[in-house]
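Visitor: Just so you know, the sequences run in chain order D and G.
Those letters in the first sequence? Residues 1 to 498, by this note's numbering.
Those letters in the second sequence? Residues 1001 to 1243, by this note's numbering.
No lab work stands behind these hints, which were simulated from the structure alone.
Being a predicted model, the structure only gives us computed values, none of them experimental.
Please note that the accuracy of each hint is not assured.
What the hints assert, rightly or not - Covered by chain G, per the in silico footprint, the following chain D stretches (three or more residues, Cβ under 8 Å):
no., stretch
1, 57-68
2, 125-136
3, 170-178
4, 188-196
5, 262-271
Said to hold, decoys possible - Here are the in silico distance ranges between beta carbons for each label pair:
no., chain 1, residue 1, chain 2, residue 2, range
6, G, D1100, D, Q422, 19 to 25 Å
7, D, G56, G, D1174, 20 to 26 Å
8, D, I149, G, N1044, 51 to 57 Å
9, G, E1176, D, F393, 50 to 56 Å
10, D, S309, G, D1158, 53 to 59 Å
11, G, L1019, D, I441, 41 to 47 Å
12, D, Q422, G, E1185, 33 to 39 Å
13, G, D1096, D, L189, 46 to 52 Å
A virtual CB, placed ideally from N, CA and C, is assigned to each residue, including glycine.
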Amino acid sequence: MSTDNSNTTTQAAQVRSGIDRSLRHPVMFFLTSGAAWLAVSLILGIISSAKMHAPGFLDGYGWLTYGRTQAAHLNALVYGWGFQAAFGVIIWLMARLCRQECKAAGIILTAGHLWNLGVSLGVLGILFGHGTGMPWLEFPVFAWPVLLISYFAIVTWSFVQFKVRPEGHVYISQWYLLAAMIWFPWVYLTANLLLHVFPGHPVMASGIAAWYKSSLIFLFFTPVALATAFYLAPKVTGRPISSYSLAKLGFWSLAVIMPWAGMQKLTGAPIPYFIPYLGAAATILFFIPAFTAAVNILRTAASDMEIVSHSPSLRFTMAGVVGLIVMAVAAVFLNIPEKTLPLTQFSMSGYGFEILALYAFFSFVMFGAIYFIVPRITQREWLSRRLITMHFFFSIYGIVTIALVAIFGGLMQGSGQEQFDQPWQQAAADRAYPYAWATTIAWCFILFSNVFFFLHLTFMWLRLGRRSTHPTLLVSGHGDSPHGEEGDIDNAGTASAH
Amino acid sequence: MSFRIFFFSLSASFGVAWLAIIIVPYLKMRSLEPVMFDEETGTNVVYIAKRAGRIADGSQIYGENGCYLCHTQVVRPTYAGNDLFRPDWGGFIYDDERGDSRRETNAFDFDGESFAHIGVARNGPDLSNIGVRVENEYAKDLSAEQWLYRFLYDSRIDPKRRNSTCPSFRFLFDEEAITGNASDEAVPVITEEGMEILPSAEAKALVSYLLSLKKDQAVPASLDFSPPTEGGSKVSAKTAEAP
Chain D
1 MSTDNSNTTT
11 QAAQVRSGID
21 RSLRHPVMFF
31 LTSGAAWLAV
41 SLILGIISSA
51 KMHAPGFLDG
61 YGWLTYGRTQ
71 AAHLNALVYG
81 WGFQAAFGVI
91 IWLMARLCRQ
101 ECKAAGIILT
111 AGHLWNLGVS
121 LGVLGILFGH
131 GTGMPWLEFP
141 VFAWPVLLIS
151 YFAIVTWSFV
161 QFKVRPEGHV
171 YISQWYLLAA
181 MIWFPWVYLT
191 ANLLLHVFPG
201 HPVMASGIAA
211 WYKSSLIFLF
221 FTPVALATAF
231 YLAPKVTGRP
241 ISSYSLAKLG
251 FWSLAVIMPW
261 AGMQKLTGAP
271 IPYFIPYLGA
281 AATILFFIPA
291 FTAAVNILRT
301 AASDMEIVSH
311 SPSLRFTMAG
321 VVGLIVMAVA
331 AVFLNIPEKT
341 LPLTQFSMSG
351 YGFEILALYA
361 FFSFVMFGAI
371 YFIVPRITQR
381 EWLSRRLITM
391 HFFFSIYGIV
401 TIALVAIFGG
411 LMQGSGQEQF
421 DQPWQQAAAD
431 RAYPYAWATT
441 IAWCFILFSN
451 VFFFLHLTFM
461 WLRLGRRSTH
471 PTLLVSGHGD
481 SPHGEEGDID
491 NAGTASAH
Chain G
1001 MSFRIFFFSL
1011 SASFGVAWLA
1021 IIIVPYLKMR
1031 SLEPVMFDEE
1041 TGTNVVYIAK
1051 RAGRIADGSQ
1061 IYGENGCYLC
1071 HTQVVRPTYA
1081 GNDLFRPDWG
1091 GFIYDDERGD
1101 SRRETNAFDF
1111 DGESFAHIGV
1121 ARNGPDLSNI
1131 GVRVENEYAK
1141 DLSAEQWLYR
1151 FLYDSRIDPK
1161 RRNSTCPSFR
1171 FLFDEEAITG
1181 NASDEAVPVI
1191 TEEGMEILPS
1201 AEAKALVSYL
1211 LSLKKDQAVP
1221 ASLDFSPPTE
1231 GGSKVSAKTA
1241 EAP
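Start from the sequences and build out the full structure, keeping to the hints where you can.
Guide: Printed below as a string of structure tokens:
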């Protein structure tokens, strides 16, 4: 009996390490180049944010004007970091869950380079004044076919893996990943065809861009992050997810509700009147898929709080899930028509909400996944728990500041905008000043935290990680050593020695 | 659940929303019905939004430089915000000819543009009516074009606007030596001796576009939701003239 068990365990371990080996190069490529784009985006974000309170800063250069750096900042964050982190996680997670080795690593790697080329030319295009002026779609028109083709070349293999998987149960993460992989090209193709190829009415075009932005958040980044969290929480704690029917409810409520969201950003603009109300209602109802998933994941992880605080992957993932809860509360609070929506429609709350979604929720879960995946595919352990702790806490400080600014600053700015009997400058513009300062400081914190992450990831990429069988946990090991447990260097022994 | 059922359910749940809020409104709005000035008889002329200026390429420069990140171009109805109550955003509260000419944005205001720059934030004021504001209020001793050139060159040059956070668009201007007479288009700012600041083609297109943003034309009664005036009839209906 016991021999059988150990045989199956060994076989499963061999399958897993075969998958990790087959995906080592594409996944590391997406994670490292994504991290590099995150750095670019953060620097551009600090420059843009500084210009909001110090307009003389780097003023007068075309490629550094606010309107271009801010657009480049968001596009680099979305397409450079967000998508590439998502690609790395999608192809790895799908291969692991379908128990299939990747047979197209070369094609994926090539497509990844093509994607990076598209993003690089797109960001440079924005900075040198060839942006389209459509929010989140600012890349010059040539970029979208390049990105779409590379997208298909990257994810098609994950569809194939799902098709040829061994019979049996399909896990909730796979549904989320498949849905995201289907929704994104549908949304992206719709937006680009209706904006660039078959132009319609200019106001409807603006509405489609607003819907695209919302769909990218709710129908791509959200399901990818939820798939990851639903994988990591049970995996790291070693317990099944708390309620599987709740997970299904969360998934289908996301699928049914979220495609309607987004056009509340055009309330009062001349488009059919029902559309902004539907958009506001759907965005408010985001709390249903968000809370069902978040409660489920938190309950799963809460079964072992010690692991949550010790495991870097789980700590980041759980922080991301808390970010999801904050994001859902903000979605309810900021989008009530005729109450808060008039205040937030054109204030910094919009940007703040995007950053909540992209950083507080999505990026934190992605960091969690990276801390989990990279040791497995490089077969090295993270060097230092202190680097991880610094990354965690400064990111938390930064994102909490941005969340506060998003909610309170945006409402203050918005109520100033609505005071029609006061001069514009004093009522609305000056009121944003302290919040702009806070945003700059918050971005500096986040950049500072990520310096540790970039450094750490680079060491891992160079295969300079610890050769040990002990994972790097966030507990002080022997004495003051920041490097996790000592011993077992060069894979000399096994963990059982301790 | 098989992949086939999953794919069908996913397409259905997404497709319904996709059709209802994207495809059908897109097709409907692509060919808007023209609006008549006098609907009761239906015999009058069609309403055409009058705009003059370099709208298409000016709109492109506006987008390329990210103006929409801080400025909006929409005057919301009163249920969606207080934009209409500002005295000069959606028209003018005291218009010389028409009394109160304020109105909300309508679908014809963006004629000639491929993408309506509704905007994402109001770190600066709404620009729906900026053309009229510059001409009637801001440009006192300068032409409207020159006032805008000077503002784009340095928004904080006017002491009253020293807190403005609008960036300088100096890169859209060229500093050139004066040969012969100084140019009429030179931007009224202090420069080195013998030099002048001239707007580039892009600055000219942008300023022409900004000056085309006006809400000073009477609109048909069906597009005008302003409350009746004391006389009982609508202001714009009273004074609307067929073009």
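Visitor: For every hint, state whether the structure bears it out.
Guide: So, going through the hints one by one against the coordinates:
Counting residues of the stretch 57-68 of chain D whose beta carbon lies closer than 8 Å to any beta carbon of chain G gives 8, which reaches the threshold of three, so the coverage claim holds. Counting residues of the stretch 125-136 of chain D whose CB lies closer than 8 Å to any CB of chain G gives 7, so the stated coverage by that chain holds, three being the minimum. Requiring three or more residues with a Cβ within less than 8 Å of a Cβ of chain G, the coverage given for the stretch 170-178 of chain D holds, as 3 such residues are present. As drawn, the stretch 188-196 of chain D meets chain G at 3 residues by the rule of a beta-carbon pair under 8 Å; at three or more, the given contact holds.
Coverage of the stretch 262-271 of chain D by chain G holds. Counting CB-CB distances below 8 Å, 8 residues qualify, and the rule asks for three or more. For the pair D1100(G) and Q422(D), the supplied restraint of 19 to 25 Å holds, since their beta-carbon distance comes to about 20 Å. For the hinted restraint 20 to 26 Å between G56(D) and D1174(G), the CB-CB distance of approximately 22 Å keeps it satisfied. About 52 Å separates the C-beta atoms of I149(D) and N1044(G), a value consistent with the hinted range of 51 to 57 Å.
The hint said 50 to 56 Å for the Cβ distance between E1176(G) and F393(D), and at roughly 54 Å that hint holds. A C-beta distance of roughly 57 Å is found between S309(D) and D1158(G), which places it inside the suggested range of 53 to 59 Å. A hinted range of 41 to 47 Å for the beta carbons of L1019(G) and I441(D) is consistent with their spacing of about 45 Å. With their beta carbons about 36 Å apart, Q422(D) and E1185(G) fall inside the hinted range of 33 to 39 Å.
At roughly 51 Å, the beta carbons of D1096(G) and L189(D) sit within the given window of 46 to 52 Å.
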